[in-house]
Structure formats: C-alpha cells, structure tokens
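Asks: Sequence lines, in order, name chains H and Z. Letter by letter, the first sequence follows residues 1 to 374 of full-length UniProt numbering. Letter by letter, the second sequence follows residues 1 to 374 of full-length UniProt numbering.
Be careful, since some hints might not be right.
[Stated by the list, open to error] SDA-like, lysine to any residue: derived pairs with alpha carbons at most 25 Å apart:
| id | chain 1 | residue 1 | chain 2 | residue 2 |
| --- | --- | --- | --- | --- |
| 1 | Z | K324 | H | S220 |
| 2 | Z | K324 | H | V361 |
| 3 | Z | K123 | H | I297 |
| 4 | Z | K123 | H | V221 |
| 5 | Z | K308 | Z | T270 |
| 6 | Z | K324 | H | V221 |
| 7 | Z | K156 | H | G84 |
| 8 | Z | K123 | H | S220 |
| 9 | Z | K123 | H | V361 |
| 10 | Z | K123 | H | G357 |
| 11 | Z | K123 | H | H346 |
| 12 | Z | K123 | H | G224 |
[Claimed, not checked] Only some residues are given here: those of chain H computed to face chain Z with a beta carbon under 10 Å:
| id | residue |
| --- | --- |
| 13 | D301 |
| 14 | P355 |
| 15 | G357 |
[Said to hold, decoys possible] Label-pair restraints from in silico Cβ distances:
| id | chain 1 | residue 1 | chain 2 | residue 2 | range |
| --- | --- | --- | --- | --- | --- |
| 16 | Z | P82 | H | I62 | 48 to 54 Å |
| 17 | H | E232 | Z | S98 | 57 to 63 Å |
| 18 | Z | D83 | H | E232 | 47 to 53 Å |
| 19 | H | P347 | Z | G14 | 29 to 35 Å |
| 20 | H | E318 | Z | G14 | 32 to 38 Å |
| 21 | H | V200 | Z | T180 | 53 to 59 Å |
| 22 | H | E171 | Z | Y116 | 30 to 36 Å |
| 23 | Z | Y116 | H | P189 | 53 to 59 Å |
| 24 | H | Q61 | Z | K123 | 37 to 43 Å |
| 25 | H | P347 | Z | P82 | 48 to 54 Å |
| 26 | Z | A181 | H | E318 | 56 to 62 Å |
| 27 | H | L75 | Z | R155 | 36 to 42 Å |
| 28 | Z | R131 | H | R198 | 50 to 56 Å |
Everything labelled a hint here was simulated from the structure, so no lab data went into it. Using N, Cα and C, we set each Cβ at its ideal position, and we do this for glycine too.
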Amino acid sequence: MSDTIHPTPGGSTHGAPTPADRGLPTVDISGWTCPAPLRDQPRVVMGHGGGGALSAELVQQIFAPAFGGEILAQLGDSAAVSLGGVRLAFSTDSYVVRPLFFPGGCIGDLAVNGTVNDLAMSGARAAYLSCGFILEEGVEMPVVAGVADAMGAAARAAGVEVATGDTKVVEAGHGDGVYLNTAGIGLIPAGVDLRPQRVVPGDVVIVSGDIGLHGVAIMSVREGLEFGVEIESDCAALGGLVDAMLAVSPDLHVLRDPTRGGLAAALCEIATASCTGIVIQERAIPVPPAVANACAILGLDPMYVANEGKLVAFVPREHADAVLDAMRAHPLGAGAAIIGEAVATHPGMVVAATPLGGTRVVDLPLGEQLPRIC
Amino acid sequence: MKYLDEFQNPELAGRLLDEIRSTVTRPWALMEVCGGQTHTIIRHGIDQLLPDEVELIHGPGCPVCVTPLEVIDKALEIAARPDVIFCSFGDMLRVPGSDRDLFQVRSRGGDVRVVYSPLDALKIAQQNPHREVVFFGIGFETTAPPNAMTVHQARKLGIPNFSMLVSHVRVPPAIEAIMTAPDCRVQAFLAAGHVCSVMGMGEYPELADRFRVPIVVTGFEPLDILEGIRRTVRQLERGEHTVDNAYPRAVRSEGNPAAQAMLADVFEVTDRAWRGIGTIPASGWRLSERYRELDAEYRFSVDGITTKEPAACRSGEVLQGFIKPHECEAFGTLCTPRTPLGATMVSSEGACAAYYLYRRLGTTPTPQEASPVV
C-alpha cells in the first residue's frame, strides 16, 4: 500500500513519466478518509464528478487547500461576497451532459438555469452571466446554433444577461461536441442570509416538487431506455420561486438545489454543515410514478437522482405554512411538500422514516449510482 | 406504479405483522436467500418491526458478492487490454479485485462500458468489428438466460469479436451447502422469487424434505417479504416443512421452460468457487464445450492469476449467515462502501452495504426517536 500518489506500483503506464518526473507535487493521501482500494488510486475516476463523497473529498483535500480563502471554504453552491459595500452572490458551473439535447431541454438552457439556480440558493436574483464554449472539432454548426439559441432564450426567461464569453475548440475525439461553462453574479437582498449554519432543530424541510425527473430523462435518452412514458427534465430557473418564498419569509434558513447526488446529497450536506440531524418522511417525498418505475427497474433510489429545477428549503417552523402556500402558488412550486424537519438528535445524520414504520440512514452517495445487475 | 404501491401499503403490512406476532411462540431463524430481499428488509426497516423471536439471517444471494476473486482479477486483466471493450452491468465496476477495480482500469485508459443488457454488448461488437468485445456474464439463474441467449445469438449471427466471461452460480447447491455447514442455524428459507420464475420450484421439495426446512418462494416488495415470513413462521410453528409459493404473480411451479432450454443449450453445470465461501460442487454454470470459442477465459488465456483477499474481511461468514455485517471488526472502520474489503460492502445487493447504507447500529434512531412530523 502506498501513502502517496507518486510513486505507486502501476502508477505509471506505458513508461509515461510519473507526476514527480514532470515536477508535479506529491499528494499524501494517508489522511484522506480511505485506506483501501482507492488508497493507491493516483487517478481521477468518474465518481470524483458525481457530486458525492468523492467529489467533496477532491474539493476539500486538493482544491480548497490550494486556493485558500475563507469564502471558498464555506463550499456553498454560490459564494456570498461583499464588493464596494454591496453583497453579491458569485457562482460558476460546467456542463458536460450527453446527449446535448434531451427531453425537456438541452445543454444550453441547463447551463443558464444551473448557474441562475446556484445564485438563487443564496437568495440572489442573477444579473449577469459569462459563457464559455468548448467545442469539439467537427461538431455541426446547427448544433452550436441550437445550443446558443437555447441559452439566449433561457437567459431572457430568467431575466439575466449573458455579458461576456469565450470560445475554444479542441481536436476531434477530445470532447462530446459541446462543453459549456457559465459563471454568474447577482445581488443578495438586504436581510437575506441563507446558509446551512442557520439551520436549527425544529426547522421544517420543504421540497418544491417532484424529484428525479432530470436524471431519469437523461438516462432514458443516453442509454436508449424506454420506460413506457416520456420523462422530461425539470430544467428551470428558480429565481422567481425564491423571490416568492422570500416575500413571505425573508428569514429562510437555507436553500439548496438538489442537482448531482439528488435530494439525498443535498440533505446530507446540510446536516453535516449545520451539525443538526434531519428526519424525513419517505412517504411525503413527491416521486412521480414514472420516475419511481424507472428507478425500480434500474435498482436506483430516486432520492439520489439528479434534479435541475427543484429546491429544498429549511424554513422556521412558524413560517412553514406561509412559505408552502407561496410556493404552491408559483408554477415551479405547485407540487411543494413538507418532507421532514431538523432535529437535535443524531447531529450530522439524515434519517428516513420508512412507510412501514421503520427507519434507515440516508447517506451521502459515494460517486454515481450504478444500475444493478438484477 | 400503483401496482407496486400496493405491495408497500402500510396498513396491509401492519396486518401481516400482527398476524406474525400472534403466530410466533418461540425463536426462529429464517434466511432470505437473495440480496435483493436483504435490501428491501433493511431499507424498509422490516427487521425492526418483526417480533424479537423472528431473526432474519442474510444469505449468499448477491451475485456480485459471490463472484470469485479470481474471476474478478481475470476480468480486470482482460479489461485492461488495449484491444478490448469490456462490458459489464454497473454494480460490478466498484467490486475490488486483488489490487484494483474496473473503475480504476477505466481511469488508466481501459475501455470499460456499463450496459443494461448483454444484447447491448453484442451491438457494441457489431459496431466495433476491429475490437474484441467481452461481456462479464455473472449472476444467478435470473441473469443466466439472457446471457445464454446472447451467446446463442452471437453464434447465430456469426459475430467473431464477441465473447463472454462467465461465472454463473445456482441457488439449490448453495442451500445444500448452508444446511450441511456444522454451525448452521437456519431453520427455514425465503427462496428468491426471480430465480424460481426461471427455474420453477422443482429442485426444492427434496431439499425441504432432506433438511426438514420450510422453503417459501418470496418476492421482493415489503409485503412480499412479510407474506413470506408469515407463511414460513406458520409452517415452523406447526412443525411443517413444505415448499410454498408466496409469489404466484411471478412464479409458476414449472418456471420458464423456454429459458431453461436456452440454459441447457449454452451452459453446462460445473463446480464453482463462491467468494468468501469456497467451492460448492455443481453450483455453477460455464459455457459448454460447443461454445468454447465464445468463452473469454479461453480466448484471452488468463490462467495463472494469483489472488489476494484481505485477511480482515469476514464476508464469507456474512454470506453464510454466521455473523451479521456489524459483527465484523472491520465493519464501518476499515471497511466502508468507499473502502470495501469485500464485495458484500460494495455490491448494491450486499448485506454489508445494506447495513452500512441504512443501518449504522448504535447511531440510527429507533422508529420512536424518528417520530413523524408530517
């Protein structure tokens, strides 16, 4: 067993230079969570991008120490920063979805809505976006135009302006047609302070509607799976819904859009960051029948499937009814439901009460969910 | 989905539980054979709801868990070859071999692909005539027929670049091995419904008679499990030991003759090593001599592999029902889903994974503590 990424048995393939040969730093992974099979894994695996424990470890062990800074260390969907006395939310995200066009959207509106939503989770209404295109040599021009048109339309719908951008082209075979990066900034209204540390026992947990639609929609087209009915992505910009919620309760404690890793990952992150326990009622979680069916077929848990137009909110108990009413009055929150509460017991842990009356732990996913054998 | 919901109905579950409670008069130890059943039991907290007298012992029926380390290492060696596209169901990718897993092979440039059907692998072979395409054919009687059909199709279509690495296992010899083990505590079996839907129930009466154990064919939804337990306990209390079908919506006593004919055409019975347990006579299938050229072990000459199983791993005892996962000293410390010592911790059907995901003993609240709030 090796404690360092360099040099490891088999760490260099085909006689390629090791990281040290290339002047790269050695990485001591002995303090990371794991000493076993990934212990001497010197390379990135897909799970590092899955939004689960591996992603978090990559950020906490490599990126955060490398960059330093208190703002990044908060690890929110967007950073709350002050500039010239103004509180801004600032966020960036990259999009590598395949296929580029899927039921309910495409990579273009996903890239706009994703960053708009990251800002919205700080309570900010997005104002300006940047847009970086990484195009693969050979991609058809109408595809690029279709993506750009979708971005424009999504930006107009969200009330945000794409103010700057960049284009790069990589050689054929080095990309999936189009990769996108968007960054955005928006103003955080006075009195709004959304962060997990504000969660207290007694807070009510509300989800804005049906979960799992985006992940299952992508899976259905990517893998050519048919589930009997077409499932569309829920891709949408949530700024308006957040405005409606803040209008009735400026004292919301935390918002999170449960994208990669799904509702489970969002709840686990909040439990860990807030040091409170969370109890959810499994029966109360809105799961559309088509998503439940698809997940049953594939052996997946809908709670871990990605969403792109949903949020989960922790609301002071006394404001819960008003917030729920406001959400249900908004088209993107019509299916909102209370699914649980924050509790003082089992801090840092999410527990589901099962429909039959038992309990189970809901854990942060490791990487991506894997469809099971039978 | 309405159909599935009916098999998770809390009121009906309550009635079954009441009946089990009123029937049981002394302690009984039942083994659910299938890992899918184990996950339903733990995920829904069924074991917490049963009377103390009814103990569920988790059986060896996780195809990923019992695939021998030697076969995993062969898969890893074949998958690492530059001329190979290696296709597998998703949950095999994270299973540790002696020194790596398929994800790690992929991160080093191996072309490892997740497929949802063996026929997808055959399609990939047709689309890539200049590459060798290998499908990892593992599992119980449930997955064996489609794999057999795929081999049959490859021969029929004359696809020269397709082969299969086969490590199928059969349930009845495993039941026999469990019952003849000196420390065996199992008094009855919940048989795996999916296996019986293929093979029928013809192999079970002899086992029930010889070992004087009730065998109840059981499905996978919560109410299926409870009904299987109810019927098993009733037999035990009455001193009976018959084969009973509690899953008639999927299982006919003769099974699926067409699938059985396909198995007989393509496979032949062989002794098979079970990971953590050892070799069980006549407990597996391999490709028959007539299909030898489609056998990846033959085509790639991967003999002479030396395996290295972690000494601390007690998954074999878990698979045979001698210990519960949390009774292993490495559980949750040395061995976690991200640091699995054995396949039982990483497979989606593994008993150790189920306990880790859903039941951190000592920290998971009881149903009373996790009181409903909505």
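Asks: Hint by hint, note whether the structure agrees.
Replies: Outcome of the hint check:
1. Z:K324 - H:S220: violated (37 Å)
2. Z:K324 - H:V361: holds (18 Å)
3. Z:K123 - H:I297: holds (21 Å)
4. Z:K123 - H:V221: holds (17 Å)
5. Z:K308 - Z:T270: holds (24 Å)
6. Z:K324 - H:V221: violated (40 Å)
7. Z:K156 - H:G84: violated (74 Å)
8. Z:K123 - H:S220: Status holds; Cα separation ~18 Å.
9. Z:K123 - H:V361: The hint is violated at about 40 Å.
10. Z:K123 - H:G357: Not satisfied, since the Cα-Cα distance of roughly 45 Å exceeds 25 Å.
11. Z:K123 - H:H346: Given that 25 Å is the threshold and the Cα spacing comes to 49 Å, the pair is violated.
12. Z:K123 - H:G224: This hinted pair holds, its Cα atoms lying about 13 Å apart.
13. D301: holds (8 Å)
14. P355: holds (5 Å)
15. G357: Status holds, d = 6 Å.
16. Z:P82 - H:I62: 48 to 54 Å: violated (29 Å)
17. H:E232 - Z:S98: 57 to 63 Å: violated (45 Å)
18. Z:D83 - H:E232: 47 to 53 Å: The hinted range 47 to 53 Å is violated for Z:D83 and H:E232, with Cβ atoms some 40 Å apart.
19. H:P347 - Z:G14: 29 to 35 Å: holds (32 Å)
20. H:E318 - Z:G14: 32 to 38 Å: 34 Å Cβ-Cβ, so the 32 to 38 Å window holds.
21. H:V200 - Z:T180: 53 to 59 Å: Taking Cβ atoms as reference, H:V200 and Z:T180 lie about 57 Å apart, which means the hint holds.
22. H:E171 - Z:Y116: 30 to 36 Å: holds (31 Å)
23. Z:Y116 - H:P189: 53 to 59 Å: violated (47 Å)
24. H:Q61 - Z:K123: 37 to 43 Å: 40 Å Cβ-Cβ, so the 37 to 43 Å window holds.
25. H:P347 - Z:P82: 48 to 54 Å: Given a distance of about 50 Å, which is inside 48 to 54 Å, the answer is holds.
26. Z:A181 - H:E318: 56 to 62 Å: holds (60 Å)
27. H:L75 - Z:R155: 36 to 42 Å: violated (54 Å)
28. Z:R131 - H:R198: 50 to 56 Å: Check passed, 55 Å falls within 50 to 56 Å.
Comparing the model with each earlier hint shows violations of hints 1, 6, 7, 9, 10, 11, 16, 17, 18, 23 and 27; every other hint is respected.
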